[in-house]
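Model the full structure from these sequences, guided by the hints.
If you read the sequences in order, they're chains D and V. Read in order, the letters of the first sequence correspond to residues 3 to 104 in the working numbering. Read in order, the letters of the second sequence correspond to residues 3 to 104 in the working numbering.
These are computed hints drawn from the structure, not numbers from a lab. Don't be surprised by glycine CBs; every beta carbon is placed ideally from N, CA and C. Hints may contain errors.
Taking beta-carbon pairs under 7 Å as the criterion, some of the chain D residues facing chain V (in silico) [to be verified]:
#1 4
#2 5
#3 7
#4 10
#5 16
#6 22
#7 37
#8 50
#9 81
#10 87
So the chains spell out like this:
There are 2 protein chains.
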Amino acid sequence: MDVADDLFKALADSTRRTILDELTQKSGQTLFEICSRLSMKHRLGISRQAISQHLAVLEAAGLVETRREGRYKFHDLNTAPLRQITDRWLAPDTSDQEESTP
Amino acid sequence: MDVADDLFKALADSTRRTILDELTQKSGQTLFEICSRLSMKHRLGISRQAISQHLAVLEAAGLVETRREGRYKFHDLNTAPLRQITDRWLAPDTSDQEESTP
DNA sequence: AGCATAGGCAAGTGAACGCTTGCCTATCAA
DNA sequence: TTGATAGGCAAGCGTTCACTTGCCTATGCT
Numbered sequence: 003m004d005v006a007d008d009l010f011k012a013l014a015d016s017t018r019r020t021i022l023d024e025l026t027q028k029s030g031q032t033l034f035e036i037c038s039r040l041s042m043k044h045r046l047g048i049s050r051q052a053i054s055q056h057l058a059v060l061e062a063a064g065l066v067e068t069r070r071e072g073r074y075k076f077h078d079l080n081t082a083p084l085r086q087i088t089d090r091w092l093a094p095d096t097s098d099q100e101e102s103t104p
Numbered sequence: 003m004d005v006a007d008d009l010f011k012a013l014a015d016s017t018r019r020t021i022l023d024e025l026t027q028k029s030g031q032t033l034f035e036i037c038s039r040l041s042m043k044h045r046l047g048i049s050r051q052a053i054s055q056h057l058a059v060l061e062a063a064g065l066v067e068t069r070r071e072g073r074y075k076f077h078d079l080n081t082a083p084l085r086q087i088t089d090r091w092l093a094p095d096t097s098d099q100e101e102s103t104p
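So this is what it looks like as structure tokens:
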């Protein structure tokens, strides 16, 4: 329905948020690299396909961008879509609020 | 699992985001006021109970605070939890990133 | 008191979601 | 060419989620 729907749906899962954390620490990781990090550092017993699906969701939301090089596919973080959240509810413009009279 | 889970789950639904929009325009609305606004302005054919459940989710996430006065219950917006998102991935500190060597 | 208004609780339903399993394609090294 | 590595596609399963329906409590007006 909403255009922002993909973004918020992508952020709704804790595994996907952890993936964003990992890409924040090191951008340009491959699928297998992300897999091993989630397994080692975060003790997440999760399959490769599950993570692949998570990455697809993050890519649909614009939070992750990919580039292919040979048999490797690198995943880069893009935090730009997150600005929507700030712009929507943390905008400094409070000039046209209605008065509170129940 | 995560403590931030409530926040992102709350934002994952488009109706709840619309409620936040409405509370941004006018804080301190009652349940019925929110109901009529969603119905009129946003053409959302949704029951009162559904909206009540949405407000409970938003309150659990800390995005909405409530105060009772007689038979009225007013709902106030609290955008403070949204700062978590900025702090987590939009933090200006990029000093301790790892180098990208696949 | 009697009735309308404002809100709450709980069970049930259909759809979406997260994850697994199994198999397939593509790239590179021996 | 064979084998290993990196990734993709799709069906199936159990859980969670959004929403409805029905009934109940509390406050206020006349």
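Check each numbered hint from earlier against the structure, then list the numbers of those it violates in ascending order.
2, 7 and 8
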